[in-house]
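A.B. asks: Put chain B on the given structure of chain A with help from the hints.
Below, each chain spelled out in residue letters.
Number of protein chains: 2
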Amino acid sequence: MIVNGVRIVDPFFTIKSGWMDFSDKILSVGTFDGNTVPSDLILMPGFVDTHVHGGAGYDFMDEDIDFDKIEAHFFSMGVTSVLATTLTAPIDKIKRVTKKIKQRIEENEYTPLVGVHLEGPIISPKYLGAQNPKYVVIGAKENVQRLIDGYEDTIKVMTVAIEQCEDSAIRYIMSRGIRVSVGHSDASFEDFKEVHEFGVNHLTHFCNAMAPLHHRHIGLVGAGLFFDDVDLEIIPDGIHLDKDMLSLILKAHPIEHIIAITDGMRATGLDDGIYDLGGLKVRVENDSARLSDGTLAGSILEYNEGLKRLHNLGLSLNEIAMVSSFNPSNVAKPSTPKGRILPGYDADFVLMDENFSIRKVIKKGKIVYSI
Amino acid sequence: MIVNGVRIVDPFFTIKSGWMDFSDKILSVGTFDGNTVPSDLILMPGFVDTHVHGGAGYDFMDEDIDFDKIEAHFFSMGVTSVLATTLTAPIDKIKRVTKKIKQRIEENEYTPLVGVHLEGPIISPKYLGAQNPKYVVIGAKENVQRLIDGYEDTIKVMTVAIEQCEDSAIRYIMSRGIRVSVGHSDASFEDFKEVHEFGVNHLTHFCNAMAPLHHRHIGLVGAGLFFDDVDLEIIPDGIHLDKDMLSLILKAHPIEHIIAITDGMRATGLDDGIYDLGGLKVRVENDSARLSDGTLAGSILEYNEGLKRLHNLGLSLNEIAMVSSFNPSNVAKPSTPKGRILPGYDADFVLMDENFSIRKVIKKGKIVYSI
Chain A
1 MIVNGVRIVD PFFTIKSGWM DFSDKILSVG TFDGNTVPSD LILMPGFVDT
51 HVHGGAGYDF MDEDIDFDKI EAHFFSMGVT SVLATTLTAP IDKIKRVTKK
101 IKQRIEENEY TPLVGVHLEG PIISPKYLGA QNPKYVVIGA KENVQRLIDG
151 YEDTIKVMTV AIEQCEDSAI RYIMSRGIRV SVGHSDASFE DFKEVHEFGV
201 NHLTHFCNAM APLHHRHIGL VGAGLFFDDV DLEIIPDGIH LDKDMLSLIL
251 KAHPIEHIIA ITDGMRATGL DDGIYDLGGL KVRVENDSAR LSDGTLAGSI
301 LEYNEGLKRL HNLGLSLNEI AMVSSFNPSN VAKPSTPKGR ILPGYDADFV
351 LMDENFSIRK VIKKGKIVYS I
Chain B
1 MIVNGVRIVD PFFTIKSGWM DFSDKILSVG TFDGNTVPSD LILMPGFVDT
51 HVHGGAGYDF MDEDIDFDKI EAHFFSMGVT SVLATTLTAP IDKIKRVTKK
101 IKQRIEENEY TPLVGVHLEG PIISPKYLGA QNPKYVVIGA KENVQRLIDG
151 YEDTIKVMTV AIEQCEDSAI RYIMSRGIRV SVGHSDASFE DFKEVHEFGV
201 NHLTHFCNAM APLHHRHIGL VGAGLFFDDV DLEIIPDGIH LDKDMLSLIL
251 KAHPIEHIIA ITDGMRATGL DDGIYDLGGL KVRVENDSAR LSDGTLAGSI
301 LEYNEGLKRL HNLGLSLNEI AMVSSFNPSN VAKPSTPKGR ILPGYDADFV
351 LMDENFSIRK VIKKGKIVYS I
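Protein chains in written order, with the numbering used here: chain A, 1 to 371; chain B, 1 to 371.
The following block holds chain A by itself, in its conformation from the complex (with noise of 0.2 Å):
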């Protein structure tokens, strides 16, 4: 198949009107041959969420999910790939649902989810979040081991608290290629410094759930600006983090390791009103979900939504594929290459207008979303 008459924006080169033969892999990309009238269509690489929830009412944690829906919801934003996060509950629960996510990934060729990013339960007790406080357990080697033995290659990333850690526990998930990331932890500057010698280079939801950065602590939020190797998650809802600090990140952040995330809740994309979150009560309005004391719980950001943001205080397309996309995809490591516009790719992409309205969004080769 051809798309002609096209913008493509790769994260690293643009033509400003090109054509891209495809089947389920991208065959050839090129510049505009003149015989088609030129749309004003803008194709990128298809976004990949590695940090979200659920959406259109369904969390991953639910026992009863309808993965038809909730994938076509995440079409509907532009994202093709996914890692279905889980929240902190009991380990045997958590097993079921990664499982349930490793059987699906099998048994559909056309299905978003790629993996898994198990968020806790082994979080701190002072940066939960909207997590559950009932399932935190302690970061032992074995409570480990029962998380994610026999699913290796479903697991990608494994958010933990550092500091709740034994040093083996964190080796042992680094030793069978699970990337661990920092978060829901109140580690020190020098925590972080001590295992990021060791190889931990990424951050969960920079910011959120972590101390704010004092000149005499500076804690998680001081290593994400110290370390520019250091993969960030950035929520861009304007809310987790406000507009000038998305800017101050952008600007001090090298771009090549920033993570664009929703962090997604299973109210996105559907009406105000209460929800359920790991057992915990919600409450979604005015753009944010939030726990009954004011802690936000997730978001109900929509991942185009979010870039359209970042577009706007002033990230470049190409810089826009590549936090959305080319960098998501080294965390989600898919079996097949993608974030790229070019031969030997995935047909992933996406078909959208300059507001970041999706127009059109192809999986595998195959248009799984249109307007």
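In short, the hints are calculated from the structure, not lab data.
The reader is advised that the hints may include incorrect statements.
No copy labels: a pair is met if it fits in one copy or bridges any two.
To be verified - The calculated DMTMM-like cross-link candidates involving lysine to aspartate or glutamate, where the alpha carbons are at most 25 Å apart (straight line), are:
(1) K141 with E106
(2) K69 with D228
(3) K95 with D21
(4) K243 with D191
(5) K95 with E285
(6) K243 with E194
(7) K243 with E63
(8) K243 with E197
C.D. replies: Coordinates of chain B only, in the frame set by chain A:
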């Protein structure tokens, strides 16, 4: 006179083994001629402290001050230029102090005093630090006029809480050629952005006496990290900013816009004990000076010790020369050029060893300190 066989460190070059010919000005500089046995001494431009309240038992606010003694104290730390910094006090008193400093500058050729830094009385009641709340005034243009009229050539910097100021007051200060520095302030990022647009580019003791950075209101700390052209005063005592915060600032901000200051109070160079600071009682112990509630009340940092700390954190000697002399000279605006080891510049320089121990200090060609 000639110094020979020393390592010459200018902000922009190093001569491993060199010589310098000088009278009151530097006359010429060159590579060591080989006829003298090289010493292991380092020759650098004299240090310039643009924010210091006193030392050796004296505070610039004292009615009775022995200038020879306090100046000898500055020379002993390698400081050859000083902006005498006032405290929040009745306006008439501040004017008397300014007048006294002006006279000293006029009457003593070798004084390190080159001007005045007015810290307060237009500050935020919320970020008093160790300023006396009794004498805080609002930032009306008339108050500013009372403070500076007639002393435009002596006052070089004025620290104000911009959110307490009329725009016309800020513009008035700038129109008199005086630098506005934002400090002791509750200003938001937006507040700062507004005045930055018309040229305000200085933050008083960065991070101290301002709101810490929060990811939903990044404030003045965020402004300092965001705007590369803003001069940041830093107190490198390891207490006002811990070593990690110092590292973060040095990493995130251009070295051309870092100004090392001491904010030193009268007890600098003296023993622990109880001292007065603008009518407030200050306890000096464990390398810090604090009010009874623990609030830091200036420092007792010796300038060269601060530089040693910055060197240990990774600044090269050239960068040390930049933050200690070249950059603050741009702030202090002495009537003759300082801050470089080049012909035509004032012969203000230090000879020190690699441990930052000061051996000799020369002011306008005269040896003013020697051990």
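A.B. asks: Indicate, hint by hint, whether the structure satisfies it.
C.D. replies: Evaluation of the provided hints:
1. Proximity of K141 and E106 under a CA criterion of 25 Å is satisfied in neither setting, with 29 Å inside one chain copy and 73 Å between copies.
2. For the identical chains of this complex, K69 and D228 are neighbours neither inside a copy (38 Å) nor across copies (47 Å), given an alpha-carbon limit of 25 Å.
3. Proximity of K95 to D21 under the C-alpha cut-off of 25 Å is found in neither arrangement, the shortest distances being 40 Å within a copy and 77 Å between copies.
4. Taking the shortest alpha-carbon separations for K243 and D191, only the inter-copy value of 15 Å comes in at or below 25 Å, while the best intra-copy value is 29 Å.
5. Taking the shortest alpha-carbon separations for K95 and E285, neither the intra-copy value of 32 Å nor the inter-copy value of 56 Å comes in at or below 25 Å.
6. Taking the shortest alpha-carbon separations for K243 and E194, only the inter-copy value of 16 Å comes in at or below 25 Å, while the best intra-copy value is 31 Å.
7. In this homomeric assembly, K243 and E63 never come within 25 Å of each other (Cα to Cα): the closest approach is 37 Å inside a single copy and 49 Å across copies.
8. Only between protomers do K243 and E197 lie at most 25 Å apart by alpha-carbon distance; the minimum there is 19 Å, versus 32 Å within a single protomer.
Going through the hint list in order, the structure does not satisfy hints 1, 2, 3, 5 and 7.
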